[in-house]
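Student: full-length UniProt numbering applies: residue 1 is where the sequence shown begins, and numbers increase by one.
A couple of the hints might just be wrong.
Once the Cα atoms are required to be at most 27 angstroms apart in a straight line, the calculated DSSO-like pairs of lysine-lysine come out as [claimed, not checked]:
#1 Lys-184 to Lys-257
#2 Lys-200 to Lys-243
#3 Lys-235 to Lys-178
#4 Lys-200 to Lys-181
#5 Lys-143 to Lys-190
#6 Lys-194 to Lys-181
#7 Lys-181 to Lys-143
#8 Lys-235 to Lys-224
#9 Lys-243 to Lys-181
#10 Lys-257 to Lys-247
#11 Lys-224 to Lys-95
#12 Lys-257 to Lys-243
#13 Lys-178 to Lys-191
#14 Lys-247 to Lys-200
#15 Lys-235 to Lys-181
Since the hints were derived computationally from the structure, they do not count as laboratory data.
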Amino acid sequence: MANQEVNLRNINVTRYVTPLREGGSMPAIVEGDDDFLYVLKFRGAGQGTNALIAELIGGELARKLGFRVPELVFANLDRAFGRTEPDEEIQDLLKFSEGLNLALHYLSGAITYDPVVNDLDELEASKIVWLDSFLMNMDRTAKNTNMLIWHKELWLIDHGASLYFHHSWNNWEQQAEKPFKLIKDHVLLKKAGKIEEADKLFTQIITPELIDNIVDIIPGDWLKDAPFANLEEHKNAYRAFLKNRVKHSSVIVNEVKDARQTLI
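Input sequences plus hints: build the corresponding full structure.
Tutor: Take a look at the structure:
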């Protein structure tokens, strides 16, 4: 069994380098007080801290499943940044993002994964499709693969569109047991011919302990806007959803197989 401990470093943002305007939430390349560059995901962006929670859960779960994921860190943004930024839109984003944000190590020189150019074996493709169906990640399509090739290796990025039910929490208990219909648009669906093998491997790794460890590190002030009595009840909802999703993983397998039949 893989090491199930989950820990993120904390950094302070020391320099705003440049915005990444191709992202809907306008992330930015920043420098940390450890002298590394990061892609900063702002708590003040459109989807708020829910996107950061999805990024945290999705990224760390992917890492524990053996995927290459850029290091995630908690990134503290000082209020002074918003005062010196000349762009009004960016200034507002910085102002509303004071405090704890999330950042990914910047993979300098990485190129976007192209399914036509970059080959991927059937099992690896199946693993990625399984993960995205499990997380209900709608953002790994041919238009936006959210996969990078860096030093000739595949890296997964951007899980912020996962767990979309948590933007309203309507019927979230039932959502855990339902198929993810949007898997039909997944860029790797055609190659995912070993989905049952991926399911067998991953359901052994995603233990209740691992789920608890990942959810435990969600910062409390990222949870304050949800319709729960307290922070622990909110975290328990994430724990329950993910654990129930594992129990009903056959739904994932069947939906992927059905979607492939339609595609092929």
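Student: Compare the distance between the alpha carbons of Lys-247 and Lys-200 with 27 angstroms, and conclude whether the hinted pair is satisfied.
Tutor: With Cα atoms ~12 angstroms apart, Lys-247 and Lys-200 stay inside 27 angstroms; holds.
Student: Compare the distance between the alpha carbons of Lys-224 and Lys-95 with 27 angstroms, and conclude whether the hinted pair is satisfied.
Tutor: The hint holds at about 19 angstroms.
Student: Is Lys-235 within 27 angstroms of Lys-181, Cα to Cα?
Tutor: holds (26 angstroms)
Student: Between the alpha carbons of Lys-194 and Lys-181, is the straight-line distance 27 angstroms or under?
Tutor: holds (19 angstroms)
Student: Is Lys-143 close enough to Lys-190, meaning Cα to Cα at most 27 angstroms?
Tutor: Holds: Lys-143 and Lys-190 sit about 15 angstroms apart, inside 27 angstroms.
Student: For Lys-181 and Lys-143, compute the direct alpha-carbon distance and say whether it is at most 27 angstroms.
Tutor: Between Lys-181 and Lys-143 the Cα gap is close to 18 angstroms, so the pair holds against 27 angstroms.
Student: Would the pair Lys-200 and Lys-181 pass a check requiring their Cα atoms to be no farther apart than 27 angstroms?
Tutor: holds (21 angstroms)
Student: Between the alpha carbons of Lys-257 and Lys-243, is the straight-line distance 27 angstroms or under?
Tutor: Roughly 22 angstroms between the alpha carbons, so the hint for Lys-257 and Lys-243 holds.
Student: Against the 27 angstroms threshold, does the CA-CA distance of Lys-184 and Lys-257 hold or violate the hint?
Tutor: holds (10 angstroms)
Student: Within 27 angstroms, alpha carbon to alpha carbon, are Lys-200 and Lys-243?
Tutor: Distance of about 15 angstroms is within 27 angstroms: holds.
Student: Checking one constraint from the list: CA of Lys-257 to CA of Lys-247, max 27 angstroms. Satisfied?
Tutor: holds (18 angstroms)
Student: Does the alpha-carbon distance linking Lys-243 and Lys-181 stay inside the 27 angstroms limit?
Tutor: Holds - the C-alpha atoms of Lys-181 and Lys-243 are around 20 angstroms apart, at most 27 angstroms.
This entry satisfies every hint, going by the numbered hints stated previously.
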